Amino acid sequence: MRNRQARTAYLLIAPALLLFAVFTAYPFLWSAQISFTNWDGMNSVKKFVGFQNYINLFSDPEFHQSIKVTAIYTAVVTVISTILGFAIALLLQRRGKSSAIYRTIFFSPVVTATIAAAVVWQLLFDPFVGVIDIGLRAVHLPAPNWLSDPNWALAAVSIVGIWKRLGFAIIVFSAGLSSLPTACFEAAELDGINAWQRLRYLTVPLMKPITTLVLITGVIDAVQVFDHIFLMTSGGPMGSTNVLSLYLYNQGFRLFHLGYASAIGWALFILVLITTMVQWQFRRRDDS
Amino acid sequence: MLHRALLFREEQVHLSEGMPVMKRTHRRLASILSLAVLAAVPLGTGSAAAATKPKPVTIEFWNYWDGDNGKALSGLVAEFHKKNPGITVKPVTFPWGDLLTKLQAAIASGSTPALAATDIAWMANLHQSGKLVDLGKAFGGVKKATGDIYPSLLAYSLYKGKLQSLPVSTNNLSLFYNKDLFRKAGLNPNKPPKTWPELRSAAIAISKLGNGIQGMEIYTQPGEGLTWQFQPYLWQSGAGFLNKTNTAPTFNSAAGKTALQFLVDLINVDKAATAGQWGAFDKGQAGMRIDGSWMVGGYRDNAPFEFGTTMLPIPVGGVYATNMGGEQIMAFKGTAAKQAAALKFINWFTSTAIQARWDVKTNFMPIRASVAESNVLLKHVAEEPALKSFIDQQKYAQARPAITQYPAVSDAFSKALEPAFYGRISVAEALANADAAVRKALSGN
Chain D
616 MRNRQARTAY LLIAPALLLF AVFTAYPFLW SAQISFTNWD GMNSVKKFVG
666 FQNYINLFSD PEFHQSIKVT AIYTAVVTVI STILGFAIAL LLQRRGKSSA
716 IYRTIFFSPV VTATIAAAVV WQLLFDPFVG VIDIGLRAVH LPAPNWLSDP
766 NWALAAVSIV GIWKRLGFAI IVFSAGLSSL PTACFEAAEL DGINAWQRLR
816 YLTVPLMKPI TTLVLITGVI DAVQVFDHIF LMTSGGPMGS TNVLSLYLYN
866 QGFRLFHLGY ASAIGWALFI LVLITTMVQW QFRRRDDS
Chain Z
4 MLHRALLFRE EQVHLSEGMP VMKRTHRRLA SILSLAVLAA VPLGTGSAAA
54 ATKPKPVTIE FWNYWDGDNG KALSGLVAEF HKKNPGITVK PVTFPWGDLL
104 TKLQAAIASG STPALAATDI AWMANLHQSG KLVDLGKAFG GVKKATGDIY
154 PSLLAYSLYK GKLQSLPVST NNLSLFYNKD LFRKAGLNPN KPPKTWPELR
204 SAAIAISKLG NGIQGMEIYT QPGEGLTWQF QPYLWQSGAG FLNKTNTAPT
254 FNSAAGKTAL QFLVDLINVD KAATAGQWGA FDKGQAGMRI DGSWMVGGYR
304 DNAPFEFGTT MLPIPVGGVY ATNMGGEQIM AFKGTAAKQA AALKFINWFT
354 STAIQARWDV KTNFMPIRAS VAESNVLLKH VAEEPALKSF IDQQKYAQAR
404 PAITQYPAVS DAFSKALEPA FYGRISVAEA LANADAAVRK ALSGN
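Chain order of the listed sequences is D and Z. The numbering used here numbers the first residue of the first sequence as 616 and each following residue consecutively. The numbering used here numbers the first residue of the second sequence as 4 and each following residue consecutively.
Worth flagging that the hints you see were computed from the coordinates, not collected in a lab. What you are looking at is a predicted structure, and each value in this text was computed from that prediction instead of being measured. Do not rely on the hints blindly, as some may be mistaken.
Restraint-style ranges between C-beta atoms, simulated for each label pair [what the hints assert, rightly or not]:
| # | chain 1 | residue 1 | chain 2 | residue 2 | range |
| --- | --- | --- | --- | --- | --- |
| 1 | D | 888 | Z | 402 | 45 to 51 angstroms |
| 2 | Z | 406 | D | 887 | 33 to 39 angstroms |
| 3 | D | 628 | Z | 282 | 48 to 54 angstroms |
| 4 | Z | 84 | D | 690 | 53 to 59 angstroms |
Covered, in the sense of this in silico footprint (three residues per stretch, anywhere, with C-beta under 8 angstroms from a C-beta of chain Z), are these stretches of chain D [said to hold, decoys possible]:
| # | stretch |
| --- | --- |
| 5 | 657 to 664 |
| 6 | 762 to 768 |
| 7 | 853 to 866 |
We treat Cβ as the ideally placed atom computed from N, Cα and C, and that holds for glycine.
Please take these sequences and the hints and turn them into a complete structure.
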């Protein structure tokens with residue numbers, strides 16, 4: 616009986632397992648193998664080079680630069696989208712029924728094709744015809760040449776990243792807020808708690824598991840950012856938006872350093888793994 | 004022409020065999036048959052082919068020709084189908100940036116198309132995949148296979164003495180200029196700049212129009228775009244790019260510094276250009292830009308301004324030079340029937356008559372002298388004056404190094420130059436950095 620159940624279970628997960636094996640596990644292991652070669656993606660020979668690709672990572676200034684850019688992008692996008700998302704979710708909670716409309720509006724960027732959105736943002740950031748700079752000039756603020764200026768390009772692509780991420784944070788926080796135990800709040804009400812204390816001592820601590828979830832998925836999402844930056848700046852100007860996945864792509868598919876690109880991919884994987892583990896560790900400590 | 008007619012029959016005979024022969028026996032059979040066919044040539048038109056019905060075969064032709072070029076290709080392919088019932092060529096178009104990646108994946112997984120046409124800059128890498136058909140062998144020797152194709156184009160076709168691809172188009176860079184902005188800036192729209200000083204003063208005059216209008220749009224984003232646009236400046240001022248054996252850079256010289264300084268000054272001293280994004284000229288926001296002949300059709304139909312082209316301006320005492328671009332066609336190894344069909348298409352597509360019409364439809368430059376001198380093309384150029392500068396210039400077009408490290412070299416070079424355009428480092432520093440980075444890229448690290 617047990618055996619039969621197990622067999623049915625395996626049968627049921629077989630399709631998903633097969634897809635996982637073909638599209639995730641196999642490429643994953645294959646890239647590990649390639650990362651020890653200097654393969655260009657086409658040559659019939661894959662020359663084994665040992666750990667050379669990984670050693671080269673340590674002395675590659677572009678790799679270091681792209682780690683820095685990725686770290687800044689991830690921190691900025693995750694932190695701002697989480698705080699803003701939390702704040703907006705709180706405000707929406709008070710609006711009652713009409714909040715559904717706002718949630719839909721805020722969520723629409725999440726389901727918008729990133730490439731289409733990036734094209735529109737590119738126009739918005741245009742220094743001459745873009746609405747953003749026209750607006751800034753109208754109120755006599757400096758209007759930067761966003762995507763062409765090495766000092767501003769990362770800010771520009773981060774804004775798009777936040778815009779894209781915000782909706783997800785709002786939805787998750789809204790769901791979390793509506794499922795908080797009302798008893799605590801009622802008890803606190805009787806004790807004469809004010810709005811600030813309520814937020815500081817009740818809502819925020821109670822929301823901690825949700826916040827951790829939003830932060831972790833946010834970091835994983837941001838570390839792997841590719842499409843809108845690829846389209847808006849291709850990593851430029853002067854490498855100021857050259858995030859890791861873009862650097863990986865350029866090494867692998869523009870310069871034919873597939874072995875090196877695979878090594879970058881593994882470095883990226885290890886980075887995500889470490890940050891996630893650290894975040895979980897924090898959470899566990901809080902829980903106990 | 005004789006060898007071509009001959010090949011035609013040879014392949015048709017192959018097809019009619021319709022059996023899965025091994026490659027080597029297949030070749031031996033081919034040589035025997037070609038002897039037989041050679042004897043049959045004077046007898047008249049393809050009796051051998053007419054007698055037997057070839058088994059229908061469908062082959063894919065990967066390329067990145069979209070828009071008008073894609074339409075031109077489909078039109079020609081339809082003609083090919085009419086002449087060759089039994090063969091279906093399916094053009095598959097990818098974006099330029101994706102094609103090589105797709106081919107990479109196809110080569111790695113053993114699912115290559117029968118035919119592909121790609122940027123010449125990628126040929127060095129494709130050649131060493133071991134999957135390309137030896138066209139010299141298939142078409143009765145390199146000489147026979149290439150005929151009057153310009154030898155400079157063949158730099159990208161030969162790999163270790165083997166002919167593994169053939170040019171199907173070439174092009175070069177000219178100076179495009181916005182006649183409306185020339186008029187507004189008080190310049191003569193029929194007298195575009197011929198020298199660097201003239202280019203500079205025209206750019207300054209146009210940038211004085213204000214509203215963010217640039218005099219000259221310069222490509223400053225790292226990558227092959229920057230490198231390929233900048234190389235003509237190097238060559239014009241007497242500097243090189245790599246040495247003859249492609250083993251060391253030669254751009255870090257006094258002439259090289261002059262070339263880079265000219266552009267850097269246009270941006271940082273004259274304020275007649277901006278470093279950063281590309282595309283201002285298309286919107287009528289820049290007076291001049293360097294670009295290729297493939298833009299002529301698009302600008303004629305869509306540009307919101309009147310444009311002209313002229314040969315690239317040269318420094319005082321400099322020499323004419325431009326960069327050579329283009330595509331090459333190749334056949335991938337596969338079943339005998341598919342390979343034969345692919346070879347037949349290549350043979351037909353690279354022929355003078357088809358190439359002349361292809362060039363008329365696409366505004367690409369001719370690959371053979373016989374195409375350049377054909378009436379079809381001469382008539383087209385007379386009707387499209389913007390093409391004249393490209394044709395006049397083709398003889399000054401220089402080939403980029405056809406080596407596997409070229410993409411890495413170009414990338415390293417462009418990245419080292421980029422900060423100079425932003426005025427962050429001096430021209431001397433940028434070229435010294437580029438020199439070191441290119442040496443490293445050449446060594447394969």
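Cross-check of the supplied hints:
1. Range check, residue 888 of chain D to residue 402 of chain Z: Cβ separation about 46 angstroms, and the 45 to 51 angstroms hint holds.
2. The hinted window of 33 to 39 angstroms between residue 406 of chain Z and residue 887 of chain D holds, with their beta carbons roughly 36 angstroms apart.
3. Residue 628 of chain D and residue 282 of chain Z have their C-beta atoms about 50 angstroms apart, which keeps the hinted 48 to 54 angstroms range intact.
4. Between residue 84 of chain Z and residue 690 of chain D the beta carbon distance is about 58 angstroms. The supplied range of 53 to 59 angstroms therefore holds.
5. Look at the stretch 657 to 664 of chain D against chain Z: 3 of its residues bring a Cβ nearer than 8 angstroms to a Cβ of that chain, three or more, so the hint holds.
6. A count of 4 residues in the stretch 762 to 768 of chain D with a Cβ less than 8 angstroms from any Cβ of chain Z is obtained; the coverage claim is therefore met, three being the minimum.
7. Counting residues of the stretch 853 to 866 of chain D whose CB falls under 8 angstroms from any CB of chain Z gives 3; the rule of at least 3 is met.
Checked against the numbered hints above, the structure violates none of them.
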